[in-house]
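Number of protein chains: 2
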Amino acid sequence: MNRYTAPVRDMKFALYDVIGADKLYAKLGIEHAQRDLLDAVMEEAARFNETVLAPLNAVGDEHGCGFDKATGAVTTPPGYKEAYAQFVEGGWSALTAPEHLGGQDLPESFGAALKEMIDAACLSWGNYPLLSHGATEALKHHGEAWQQEVFLKPIISGQWTGTMCLTEPHCGSDLGLLKTKAEPQADGSYAVTGTKIFITGGEHDFTDNIVHLVLARLPDAPAGTKGISLFIVPKLRTARDGTVGERNAVRCGSIEHKMGIHGSATCVMNFDGAQGYLIGQPNKGLNAMFTMMNTARLAVGLQGLALIDRSYQNALAYSRDRLQGRSLSGAKNRDKPADPLIVHPDIRRMLLTCKSLAEGGRMLALHAATLVDVLERSKDEAERKDADTLLGFLTPIVKGMLTEWGNECAYHALQCFGGHGYVREWGMEQLARDARITTIYEGTTGIQALDLLGRKTMQLQGAGLQMFLKMIQEFCTEHAQDASLTEFVLPLAEVAKQWGELTMEVGKKAMANADEVGAASVDYLFYSGYVALAFWWAKAVAVAEAGDHPAGFKSAKRETARFYFARILPRTQAHAAVMRSGAGNLLGLDAALFDS
Amino acid sequence: MNRYTAPVRDMKFALYDVIGADKLYAKLGIEHAQRDLLDAVMEEAARFNETVLAPLNAVGDEHGCGFDKATGAVTTPPGYKEAYAQFVEGGWSALTAPEHLGGQDLPESFGAALKEMIDAACLSWGNYPLLSHGATEALKHHGEAWQQEVFLKPIISGQWTGTMCLTEPHCGSDLGLLKTKAEPQADGSYAVTGTKIFITGGEHDFTDNIVHLVLARLPDAPAGTKGISLFIVPKLRTARDGTVGERNAVRCGSIEHKMGIHGSATCVMNFDGAQGYLIGQPNKGLNAMFTMMNTARLAVGLQGLALIDRSYQNALAYSRDRLQGRSLSGAKNRDKPADPLIVHPDIRRMLLTCKSLAEGGRMLALHAATLVDVLERSKDEAERKDADTLLGFLTPIVKGMLTEWGNECAYHALQCFGGHGYVREWGMEQLARDARITTIYEGTTGIQALDLLGRKTMQLQGAGLQMFLKMIQEFCTEHAQDASLTEFVLPLAEVAKQWGELTMEVGKKAMANADEVGAASVDYLFYSGYVALAFWWAKAVAVAEAGDHPAGFKSAKRETARFYFARILPRTQAHAAVMRSGAGNLLGLDAALFDS
Numbered sequence: 001m002n003r004y005t006a007p008v009r010d011m012k013f014a015l016y017d018v019i020g021a022d023k024l025y026a027k028l029g030i031e032h033a034q035r036d037l038l039d040a041v042m043e044e045a046a047r048f049n050e051t052v053l054a055p056l057n058a059v060g061d062e063h064g065c066g067f068d069k070a071t072g073a074v075t076t077p078p079g080y081k082e083a084y085a086q087f088v089e090g091g092w093s094a095l096t097a098p099e100h101l102g103g104q105d106l107p108e109s110f111g112a113a114l115k116e117m118i119d120a121a122c123l124s125w126g127n128y129p130l131l132s133h134g135a136t137e138a139l140k141h142h143g144e145a146w147q148q149e150v151f152l153k154p155i156i157s158g159q160w161t162g163t164m165c166l167t168e169p170h171c172g173s174d175l176g177l178l179k180t181k182a183e184p185q186a187d188g189s190y191a192v193t194g195t196k197i198f199i200t201g202g203e204h205d206f207t208d209n210i211v212h213l214v215l216a217r218l219p220d221a222p223a224g225t226k227g228i229s230l231f232i233v234p235k236l237r238t239a240r241d242g243t244v245g246e247r248n249a250v251r252c253g254s255i256e257h258k259m260g261i262h263g264s265a266t267c268v269m270n271f272d273g274a275q276g277y278l279i280g281q282p283n284k285g286l287n288a289m290f291t292m293m294n295t296a297r298l299a300v301g302l303q304g305l306a307l308i309d310r311s312y313q314n315a316l317a318y319s320r321d322r323l324q325g326r327s328l329s330g331a332k333n334r335d336k337p338a339d340p341l342i343v344h345p346d347i348r349r350m351l352l353t354c355k356s357l358a359e360g361g362r363m364l365a366l367h368a369a370t371l372v373d374v375l376e377r378s379k380d381e382a383e384r385k386d387a388d389t390l391l392g393f394l395t396p397i398v399k400g401m402l403t404e405w406g407n408e409c410a411y412h413a414l415q416c417f418g419g420h421g422y423v424r425e426w427g428m429e430q431l432a433r434d435a436r437i438t439t440i441y442e443g444t445t446g447i448q449a450l451d452l453l454g455r456k457t458m459q460l461q462g463a464g465l466q467m468f469l470k471m472i473q474e475f476c477t478e479h480a481q482d483a484s485l486t487e488f489v490l491p492l493a494e495v496a497k498q499w500g501e502l503t504m505e506v507g508k509k510a511m512a513n514a515d516e517v518g519a520a521s522v523d524y525l526f527y528s529g530y531v532a533l534a535f536w537w538a539k540a541v542a543v544a545e546a547g548d549h550p551a552g553f554k555s556a557k558r559e560t561a562r563f564y565f566a567r568i569l570p571r572t573q574a575h576a577a578v579m580r581s582g583a584g585n586l587l588g589l590d591a592a593l594f595d596s
Numbered sequence: 001m002n003r004y005t006a007p008v009r010d011m012k013f014a015l016y017d018v019i020g021a022d023k024l025y026a027k028l029g030i031e032h033a034q035r036d037l038l039d040a041v042m043e044e045a046a047r048f049n050e051t052v053l054a055p056l057n058a059v060g061d062e063h064g065c066g067f068d069k070a071t072g073a074v075t076t077p078p079g080y081k082e083a084y085a086q087f088v089e090g091g092w093s094a095l096t097a098p099e100h101l102g103g104q105d106l107p108e109s110f111g112a113a114l115k116e117m118i119d120a121a122c123l124s125w126g127n128y129p130l131l132s133h134g135a136t137e138a139l140k141h142h143g144e145a146w147q148q149e150v151f152l153k154p155i156i157s158g159q160w161t162g163t164m165c166l167t168e169p170h171c172g173s174d175l176g177l178l179k180t181k182a183e184p185q186a187d188g189s190y191a192v193t194g195t196k197i198f199i200t201g202g203e204h205d206f207t208d209n210i211v212h213l214v215l216a217r218l219p220d221a222p223a224g225t226k227g228i229s230l231f232i233v234p235k236l237r238t239a240r241d242g243t244v245g246e247r248n249a250v251r252c253g254s255i256e257h258k259m260g261i262h263g264s265a266t267c268v269m270n271f272d273g274a275q276g277y278l279i280g281q282p283n284k285g286l287n288a289m290f291t292m293m294n295t296a297r298l299a300v301g302l303q304g305l306a307l308i309d310r311s312y313q314n315a316l317a318y319s320r321d322r323l324q325g326r327s328l329s330g331a332k333n334r335d336k337p338a339d340p341l342i343v344h345p346d347i348r349r350m351l352l353t354c355k356s357l358a359e360g361g362r363m364l365a366l367h368a369a370t371l372v373d374v375l376e377r378s379k380d381e382a383e384r385k386d387a388d389t390l391l392g393f394l395t396p397i398v399k400g401m402l403t404e405w406g407n408e409c410a411y412h413a414l415q416c417f418g419g420h421g422y423v424r425e426w427g428m429e430q431l432a433r434d435a436r437i438t439t440i441y442e443g444t445t446g447i448q449a450l451d452l453l454g455r456k457t458m459q460l461q462g463a464g465l466q467m468f469l470k471m472i473q474e475f476c477t478e479h480a481q482d483a484s485l486t487e488f489v490l491p492l493a494e495v496a497k498q499w500g501e502l503t504m505e506v507g508k509k510a511m512a513n514a515d516e517v518g519a520a521s522v523d524y525l526f527y528s529g530y531v532a533l534a535f536w537w538a539k540a541v542a543v544a545e546a547g548d549h550p551a552g553f554k555s556a557k558r559e560t561a562r563f564y565f566a567r568i569l570p571r572t573q574a575h576a577a578v579m580r581s582g583a584g585n586l587l588g589l590d591a592a593l594f595d596s
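Heads up: the sequence lines are chains A and B, in that order.
Heads up: the first sequence at position 558 corresponds to 558 in full-length UniProt numbering, and the numbers run straight through without jumps.
Heads up: the second sequence at position 345 corresponds to 345 in full-length UniProt numbering, and the numbers run straight through without jumps.
Do not rely on the hints blindly, as some may be mistaken.
[Unchecked claim] Each computed DSSO-like pair below joins lysine-lysine, with the alpha-carbon atoms no more than 27 Å apart:
#1 B:K181 / B:K140
#2 B:K27 / B:K385
#3 B:K336 / A:K226
#4 A:K336 / B:K181
To be clear, the hints were calculated from the coordinates, so they are not data collected in a lab.
Between the sequences and the hints, there should be enough to build the whole structure, so can you do that?
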């Protein structure tokens, strides 16, 4: 019952009209990334996701993954494996990988749009290639040449998949606590021993080999995060010449029973002296891990976006079809016994919340993804450095806010269905259950917020923020005389100014008490997300008006922007007040008195 | 893994110290409602809920209800039936019913506290007595003497249960659309025919007979809500003299597969010329239905409250136990490898959100429940009328806000657990899934908001609001000179003033365009809820300080109130700004352009 149509038109609008990605591709010299090719690929991706993956979403939820305790084997839901074969056959796994590694070398930002489609079509299924993509990035940047040849190429071709093995039973956000050990062996490899939990795609039936990237400690490693190294541990023992042998000493011990994403196998992985190879330098594993993790964080942000859009599409269709009640301002549907839900202002409030966050979030996420392209391809070092700074600043916003909005919108969309939303057959409750993991994995919202405020803002003296504020300022200056945009430009300039002031205020307080960072961080993240979207919405209206679009499209952009500025942006004022209230009201209560 | 301890101390504080329910009981002449008896009953209720019901919560979720298509029989999860037998044996079903009908005649407000325990212990199980309670109220107020004798007494004793049959496939919020028919029979009974959906407890194995209260239309009934009558339709044919016969022509056709509350049977009920008896006057069924529904709405509000408290208790225990990361302001747990989660300000933010909404919500809900006692027992007509007005105003706030906060807090509490919150074994994801229905059934949040702003405020010229504002004003005046309360009294007076102003503003706009009501209503509901809780928190601090409580208890109340005023109350300002933005930004976009 739950449908999905890839929002191709809005993706093109965001990517090319608003962000100007096509011009960027030309500037970066990605010669084959021409609009006619990209458009054809996007249409084909839409077809694949709508017809192959989307029908698997309910199936995967219903069946979940099977686990055979005797062999440690995991069976994915019916159709998943076949869809993966089609995915590989279609070349989708190699879409954005470099040509010399067998990839098609298309831009990451273009790949991000296609990734949104995958996640909207079938989030659980999308987790398998997502993890491969993270492993690809880590091996591409930190792997030795033979490691790229032996392990990376088969991941890119889709012959094998990759995983990230970070979490252990006693350590999640706090990686300094991890205990998994890696003992050097005579042949230069390592014997990896330990237990990892919450390993997405740790075991499955898509491919015969799986390349685990595992954080572990060398015997002489310093304590904490400075003593962590990264290892390749293949499911099948794999020699340096690429010869694949017997099963390695790594095995899935069980899979989790979860609230949602039932088709995504979440594995306990037991390493028992498994053959592994060091990636990069000893004790520098977190560097490589961050490469993976930043890729994965943007990817999880896209999951949030995807869920907003699929939630919205279904709530919209239902709200147009379902007749219930009469408009308070007079019947709109006189020949029928009732009006459609969409006449009710409160239904429109929920729908427009989803619409404004989906389309706004798409611009936010795709813009961040273009910075990956600049970072990876620009020949100008200063430009690369700037892209890195701004990307670092935007990544926690993309991950943190799109996933929070994903949950909020799944909630609104379910609400539009009333009691039917709570019943499985409509598929809305699955979207809500699936969405719930996205604010947790790859770093909780709290972790994103600390990364944004502590690391990416205060430690860097606000460099990323300044760059984003400059974008806003330039836009406001450019359109200062445009009366048709005043309703957006003025409030945008105001919150941008306040964003800078709040950052200064929190920074000052934090110098006196480091807990002020943690006390302000989540509200700072939300505040930042809302201002960022205000910029993209203002820009979207300006671009739509100036472009060659149907009148209805222009009207939809303007009215949605109006809604956003009137009904979403004011949330910033609650977040500002809360941030300004300081840490005292969080720290005053003794931990022993919380149940008094 | 998921625990529950009844919050007896805070219930007593809210009910007696803050609200003064014991004095009210004396004033109303409920002679047997003495503190020593009530305290003993409350302790016994805590024991029953903690030991009998709480362990069934996970069981019910895992097993769900069984349905036998051949017979239409529903099997509740293991232990449910036995717990119901103990519930009846203990006299709990008759707790607040009148003595002449076999009840123990304890106050409804006292019963509300105990109901919170049931819902926190096992929400799904609690739905069966909840529906009986609704049917009890309808029959008590609108049933003829023989109907009370034959149908009501066995419901009160727990021998039978009751249901509310309102919704049909094509009509939920809009009851005017309902089609079920009732044909008069020669013997004065009616033959009821139609299909009802979403019928909680429509079929089960607790009791042999089930008393359905069914909305249906008489043959000559006017269209819309003015042509709806209410009927008793027993599962077993039951004569006027109480003789129970064969199966009536009513049968469960299927049960829903839902996101949560798996132990609560949600039935499609097919009536096929079933024997029924008219309750009250023809075509006046909605009056009796509103009696049931108001009772049920307060009860669902208590479900929200219960879920906040259980979520909070578990998140608190986990946050104290789980070691992860170091306090940013320096290690708090030097002898351990990490600090407990509760040192982190953002974890405290989530915990204190739950704590402040649980304890604040408890005062709000129990105060509303005392108005039921006044309404039912006061001998002063003016007092009864005032209680009715204020109760009518508060009911949508209790229902709407406590259930929204229930969802919010289940979300925060799950988040405190990180990835473990998403895994079934910890029980946190069940709380989140169970909570999701509460903002939908017995009227969605949107319906509550329209009831509050349209019916209970604007149609009554703000009578209920004025009464609540007067309570706030009196409190502020009383404590105007109390320096220790200034931090609460001043902002409370400010938002109370704004509450009145906003009401006037919206009212004026609505006279020009009725859609302004729908456009403002949900934000008005949230605004109202936050101001109401600010009042109760300010009062709680005043009462705690003045009373004979341990210093830790006083400190906990004050610090939690500080948190509430600093970090929750500012949300009002976003809601105020949104309300003031008017209906234009919701209505501007043509329905056909929502997917442009």
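Point to revise | Those earlier numbered hints the structure runs against, lowest number first | key: none
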